[in-house]
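Generate coordinates for the entire structure from the input sequences, incorporating the hints supplied.
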Amino acid sequence: MGINTTEKGFEANIESCLVSSGFMSRTLAGLASDTFKETAIDVEMLFGFLEATQPKALERLEKVYKDQYKKKIVERLTSELNKRGVIDCLRHDIKDYGVTLKLAYNKPPSTMNQTLQELYSKNIFSVSRQVYYSKNNNNSLDMVLFLNGLPIVVMELKNQLTSQNVEHSKKQFMNDRDPRELLFQFKKRAVVFFAVDTDEVYMTTQLNKGKTFFLPFNKGNEGGRGNPVAYNDYRTSYLWNEVLQKDSLLDILFRFVFIKKDDLQDSTGEVIDKRETVIFPRYHQLDVVRKIEADVVEKGVGQHYLAMHSAGSGKTNSIAWLAHRLSKLHSEENEPLYTSIIVITDRRVLDKQLQDAVYQLEHKPGLVERIDTDSEQLAKAIAGGTRIIITTLQKFPFIIDKVGAFSRGSYGIIIDEAHSSQGGKASTSLTNVLSNKTLEDAMEEDRVAEDNMEDTEEKILETIAKSGRQDNISYFAFTATPKQKTIERFGTFDAQGKPHPFHLYSMRQAIEEGFILDVLNNYTTYQTFYKVAKSIEEDPEVAKSKATKEIARFVSLHPHNISQKTEIIIEHYRQVTRHKIGGRAKAMVVTSSRLHAVRYKLAFDHYITAKGYTDLNTLVAFSGTVDDGGVPYTEPEMNEFGERELPEKFHSQEYQVLIVAEKYQTGFDEPLLHTMYVDKPLSGIKAVQTLSRLNRTTKGKNDTFVLDFINDAADIQEAFQDYYETTGIESTTDPNLLYDLQNELDSCQVYNEEEVDQVCELEFNSKKKSDKAQEKLNAILDKAVDRFNKELTDEVKEEFKGAATKFIRTYSFILQIGPFTDIDLHKLYVYLNYLLKKLPRTEGSRIYLADDVALEYYRNEKVFEGSISLEVQGGAELPAVSNAKGGKPEEETEKLSSIIDRLNERFGTEFTDSDILNKEQLAKDMISNEELVQKAQNNTKENFKFSYEKVFMDFVISRYSKNEEFFMKILENQELKEYMMADMFEEVYAGLRG
Numbered sequence: 001m002g003i004n005t006t007e008k009g010f011e012a013n014i015e016s017c018l019v020s021s022g023f024m025s026r027t028l029a030g031l032a033s034d035t036f037k038e039t040a041i042d043v044e045m046l047f048g049f050l051e052a053t054q055p056k057a058l059e060r061l062e063k064v065y066k067d068q069y070k071k072k073i074v075e076r077l078t079s080e081l082n083k084r085g086v087i088d089c090l091r092h093d094i095k096d097y098g099v100t101l102k103l104a105y106n107k108p109p110s111t112m113n114q115t116l117q118e119l120y121s122k123n124i125f126s127v128s129r130q131v132y133y134s135k136n137n138n139n140s141l142d143m144v145l146f147l148n149g150l151p152i153v154v155m156e157l158k159n160q161l162t163s164q165n166v167e168h169s170k171k172q173f174m175n176d177r178d179p180r181e182l183l184f185q186f187k188k189r190a191v192v193f194f195a196v197d198t199d200e201v202y203m204t205t206q207l208n209k210g211k212t213f214f215l216p217f218n219k220g221n222e223g224g225r226g227n228p229v230a231y232n233d234y235r236t237s238y239l240w241n242e243v244l245q246k247d248s249l250l251d252i253l254f255r256f257v258f259i260k261k262d263d264l265q266d267s268t269g270e271v272i273d274k275r276e277t278v279i280f281p282r283y284h285q286l287d288v289v290r291k292i293e294a295d296v297v298e299k300g301v302g303q304h305y306l307a308m309h310s311a312g313s314g315k316t317n318s319i320a321w322l323a324h325r326l327s328k329l330h331s332e333e334n335e336p337l338y339t340s341i342i343v344i345t346d347r348r349v350l351d352k353q354l355q356d357a358v359y360q361l362e363h364k365p366g367l368v369e370r371i372d373t374d375s376e377q378l379a380k381a382i383a384g385g386t387r388i389i390i391t392t393l394q395k396f397p398f399i400i401d402k403v404g405a406f407s408r409g410s411y412g413i414i415i416d417e418a419h420s421s422q423g424g425k426a427s428t429s430l431t432n433v434l435s436n437k438t439l440e441d442a443m444e445e446d447r448v449a450e451d452n453m454e455d456t457e458e459k460i461l462e463t464i465a466k467s468g469r470q471d472n473i474s475y476f477a478f479t480a481t482p483k484q485k486t487i488e489r490f491g492t493f494d495a496q497g498k499p500h501p502f503h504l505y506s507m508r509q510a511i512e513e514g515f516i517l518d519v520l521n522n523y524t525t526y527q528t529f530y531k532v533a534k535s536i537e538e539d540p541e542v543a544k545s546k547a548t549k550e551i552a553r554f555v556s557l558h559p560h561n562i563s564q565k566t567e568i569i570i571e572h573y574r575q576v577t578r579h580k581i582g583g584r585a586k587a588m589v590v591t592s593s594r595l596h597a598v599r600y601k602l603a604f605d606h607y608i609t610a611k612g613y614t615d616l617n618t619l620v621a622f623s624g625t626v627d628d629g630g631v632p633y634t635e636p637e638m639n640e641f642g643e644r645e646l647p648e649k650f651h652s653q654e655y656q657v658l659i660v661a662e663k664y665q666t667g668f669d670e671p672l673l674h675t676m677y678v679d680k681p682l683s684g685i686k687a688v689q690t691l692s693r694l695n696r697t698t699k700g701k702n703d704t705f706v707l708d709f710i711n712d713a714a715d716i717q718e719a720f721q722d723y724y725e726t727t728g729i730e731s732t733t734d735p736n737l738l739y740d741l742q743n744e745l746d747s748c749q750v751y752n753e754e755e756v757d758q759v760c761e762l763e764f765n766s767k768k769k770s771d772k773a774q775e776k777l778n779a780i781l782d783k784a785v786d787r788f789n790k791e792l793t794d795e796v797k798e799e800f801k802g803a804a805t806k807f808i809r810t811y812s813f814i815l816q817i818g819p820f821t822d823i824d825l826h827k828l829y830v831y832l833n834y835l836l837k838k839l840p841r842t843e844g845s846r847i848y849l850a851d852d853v854a855l856e857y858y859r860n861e862k863v864f865e866g867s868i869s870l871e872v873q874g875g876a877e878l879p880a881v882s883n884a885k886g887g888k889p890e891e892e893t894e895k896l897s898s899i900i901d902r903l904n905e906r907f908g909t910e911f912t913d914s915d916i917l918n919k920e921q922l923a924k925d926m927i928s929n930e931e932l933v934q935k936a937q938n939n940t941k942e943n944f945k946f947s948y949e950k951v952f953m954d955f956v957i958s959r960y961s962k963n964e965e966f967f968m969k970i971l972e973n974q975e976l977k978e979y980m981m982a983d984m985f986e987e988v989y990a991g992l993r994g
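Here this note's numbering is used: the first residue of the sequence shown is 1, the next is one more, and so on.
One or more of the hints may lead you astray.
[To be verified] Computed list of lysine-lysine pairs in DSS-like fashion (alpha-carbon distance at most 27 Å, straight line):
1) K209 x K83
2) K837 x K187
3) K837 x K827
4) K72 x K188
5) K170 x K211
[Said to hold, decoys possible] Pair by pair, the computed Cβ-Cβ distance ranges are:
6) Q921 x P632: 46 to 52 Å
7) Q717 x E276: 38 to 44 Å
8) K260 x R787: 46 to 52 Å
9) T698 x E754: 37 to 43 Å
10) Y979 x E931: 23 to 29 Å
11) T793 x Y231: 29 to 35 Å
Everything labelled a hint here was simulated from the structure, so no lab data went into it.
Keep in mind it's a predicted model, so treat the numbers as computed, not measured.
By construction, the Cβ of each residue, glycine as well, lies at the ideal position given by its N, Cα and C atoms.
Following this line, the structure appears as structure tokens:
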């Protein structure tokens with residue numbers, strides 16, 4: 001008969017597995033299908049469950065509602081589901097006319113209660129394939145899993161043997177599933193949506209069209225993303241063989257899933273809205289919690305566990321789940337295994353999140369107590385047997401003393417990120433006076449002080465060692481970067497006596513799954529930076545700013561020449577970094593001592609004032625008091641606000657650069673931090689922890705940048721080796737390498753110049769995002785994809801993809817140093833970014849895509865602004881390339897920042913880059929207006945001006961909703977309106993006639 005390679009065969013295998021484990025195979029057809037489309041509930045299965053488990057409750061409701069009782073119960077259930085959500089209703093029942101109806105029975109903790117055991121066994125798990133869910137269309141879902149008639153899990157399945165994969169599943173959820181359909185409405189019905197193929201699984205808990213955010217739900221494969229080969233099964237078979245099995249699914253629904261509530265704030269910190277997110281555990285979170293719990297049950301109290309989970313692993317949720325489950329563990333005699341679970345952390349977010357999660361899981365307040373006063377409060381909580389106690393790292397020795405004294409109790413201690421906290425609280429030596437010290441002296445003194453600093457991790461290990469092994473205490477340590485001593489203390493020993501983490505979610509996997517960024521991708525030593533900057537210093541378009549020339553003139557940099565480094569840092573920040581992340585990117589300067597930090601702050605402020613820059617403000621962070629030449633400095637005085645306010649102030653739009661000395665090098669999470677300027681020797685774990693401040697992701701952040709004035713790239717790479725298999729650090733890059741790569745790519749004959757131009761025409765000349773433009777883009781790219789598939793050997797295919805990836809990476813890297821403007825290279829860069837997304841992926845292939853914000857910036861400022869030429873180092877010249885039409889004379893280009901500075905200075909406004917882009921869009925709206933085109937074509941400039949001024953405010957009002965603050969200033973300020981109208985007139989008139 002052969003092999004059934006279809007998607008239906010994949011579905012059938014999953015269904016067969018679930019049915020063999022106790023699921024009922026259920027086809028929703030006829031009346032059942034119509035009812036499901038109406039209610040998004042399998043009503044027949046719901047009443048099958050209620051009749052088997054709660055007949056008396058149904059009898060009471062039948063007396064009230066007569067023959068309408070089923071209809072009324074469904075109406076009441078629908079109302080509660082729509083108001084409270086399916087999770088809350090499953091856990092905490094619904095009430096109808098004083099009658100309680102349970103919608104599911106969780107597995108009892110023991111078999112002692114026979115009644116509960118029997119009720120649990122009557123849960124009805126069903127699986128339906130090809131489920132038609134809508135009255136508005138004939139779309140169907142591949143698979144839906146139900147619990148007692150309530151839809152819980154929706155799956156879209158793809159089989160690579162039919163040339164489709166998990167990416168197609170995601171697109172199906174985003175493009176073909178309307179979030180307004182009752183089945184897909186947030187919280188009300190389905191809990192989780194899985195996109196599945198034979199190799200990978202992704203999940204989401206909220207469908208939101210193109211904004212739908214999918215999380216990987218994969219095991220990991222040899223330290224990276226994906227899944228390992230499964231014996232005689234699919235790589236993704238763990239999903240239905242383990243995770244979606246009946247007991248596992250109930251456990252997730254009753255003891256994992258919760259609703260996370262966040263306050264949304266504006267730039268002033270005022271709460272403007274609230275956002276809810278359904279939290280469903282990622283695979284490694286589910287795995288670590290369950291494995292630790294199982295090991296504790298097997299071995300009892302007194303063991304040590306190390307979870308080495310990278311940043312981006314969701315440690316906060318993992319710890320919250322673990323704390324709750326450990327607090328619920330009972331012995332065979334039905335006694336609590338732990339008197340209290342004590343969570344040691346300095347993260348305030350964990351407190352609120354854990355309290356919210358535990359309350360949702362149990363509906364009992366007061367189970368979690370945060371120790372926020374003194375040790376007496378902590379002692380009372382321990383003595384009183386509070387279920388979950390949250391306290392700080394500094395109180396650890398006191399805790400050990402107390403729990404050691406209570407021999408009758410047993411305790412689980414969860415340690416969150418066992419290393420120095422962000423405050424960088426040092427020993428008293430750091431408050432000593434540094435008067436009349438040279439920078440070299442200060443650097444050495446602070447190095448010694450840091451080495452002797454009260455390291456929290458060392459303190460914890462020392463305290464545990466002193467107290468000896470205590471059989472009534474279990475330790476659970478979560479950290480991304482454990483020291484060797486930590487691994488030895490908390491690790492699990494193998495047969496050879498070597499300690500290892502009990503559970504691992506590696507930095508590499510976190511990077512490959514997109515939860516953190518690889519900070520080594522754009523790591524640049526000063527020598528590299530200087531060499532590349534010198535190569536591109538002749539860029540004529542930035543000749544006015546002299547920024548690159550200013551960098552390149554520092555041939556030799558004295559180790560402690562702060563003024564030179566200040567100039568390099570500020571000009572690089574303004575030229576490159578500030579345009580990242582939609583103009584919100586921030587930078588950190590890591591200095592060698594507190595005296596360095598003070599002098600950098602003074603040098604920054606002096607340079608900024610001297611240059612007249614109004615778009616750059618700095619903060620400084622250091623401990624104690626620094627006396628420089630008889631003048632004392634403290635952090636609060638230099639910043640003009642208290643220490644505790646710094647993280648929030650730095651996150652605001654007011655400040656762009658943070659200068660630090662030890663403080664904020666660890667335990668500091670600021671997603672907008674994009675660039676780090678390192679002026680301090682770094683090695684080992686300190687290098688990893690410091691540079692990892694950059695790795696947090698946020699919308700629009702696709703890369704990071706490090707400029708290191710001191711350290712050697714090889715040493716940094718070695719420091720990361722223990723925590724992640726590095727992909728390598730950028731070595732010296734010659735911009736001319738791009739021409740070699742361009743020749744190599746051209747010779748493969750995958751694309752032609754006309755196709756590159758067509759793609760760039762769509763990219764740069766579209767007035768707004770266009771569905772039609774997407775059609776054209778795909779049609780152009782498909783020509784190259786077709787040649788790639790048909791005409792290239794496998795070897796040449798890999799060479800082409802490798803060269804294209806390297807081209808994109810090298811070009812992006814060089815743009816981090818300074819503007820490198822060659823029109824043909826930039827067009828190829830844009831084209832390849834699209835083409836690589838469409839070329840077939842091979843196992844393990846990775847694509848380094850450009851930063852969209854950088855692309856946007858260079859698109860607006862560099863690409864199509866008159867005549868652009870480049871002088872290549874060595875004297876070779878490229879022909880001038882012009883985008884001008886007819887014989888239009890070359891116009892002098894102007895930096896976007898100059899436009900902003902001019903407007904802000906004249907009108908006292910605070911416009912940003914994005915505001916000016918709104919101005920440009922306003923001009924484009926007018927240029928694309930057919931009525932104005934006719935008037936411009938048929939009138940002199942003077943006559944047309946009357947029509948232009950008459951409709952100008954109409955266009956302003958039409959764009960008001962896109963940026964209310966910007967356009968309101970035009971509406972309110974007559975002088976600004978007239979200035980803007982006059983400023984845009986020539987551009988609009990020329991565009992309409994062009």
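Do the hints match the structure? See the list:
1. K209 x K83: Holds, at about 23 Å.
2. K837 x K187: violated, 33 Å
3. K837 x K827: Cα-Cα ~16 Å, so holds.
4. K72 x K188: holds, 18 Å
5. K170 x K211: holds, 11 Å
6. Q921 x P632: 46 to 52 Å: Holds, since Q921 and P632 (Cβ atoms, about 51 Å apart) stay within the stated range.
7. Q717 x E276: 38 to 44 Å: holds, 42 Å
8. K260 x R787: 46 to 52 Å: Holds: the Cβ-Cβ distance is about 48 Å, inside 46 to 52 Å.
9. T698 x E754: 37 to 43 Å: At 38 Å between Cβs, range holds.
10. Y979 x E931: 23 to 29 Å: Holds: the Cβ-Cβ distance is about 25 Å, inside 23 to 29 Å.
11. T793 x Y231: 29 to 35 Å: Check passed, 34 Å falls within 29 to 35 Å.
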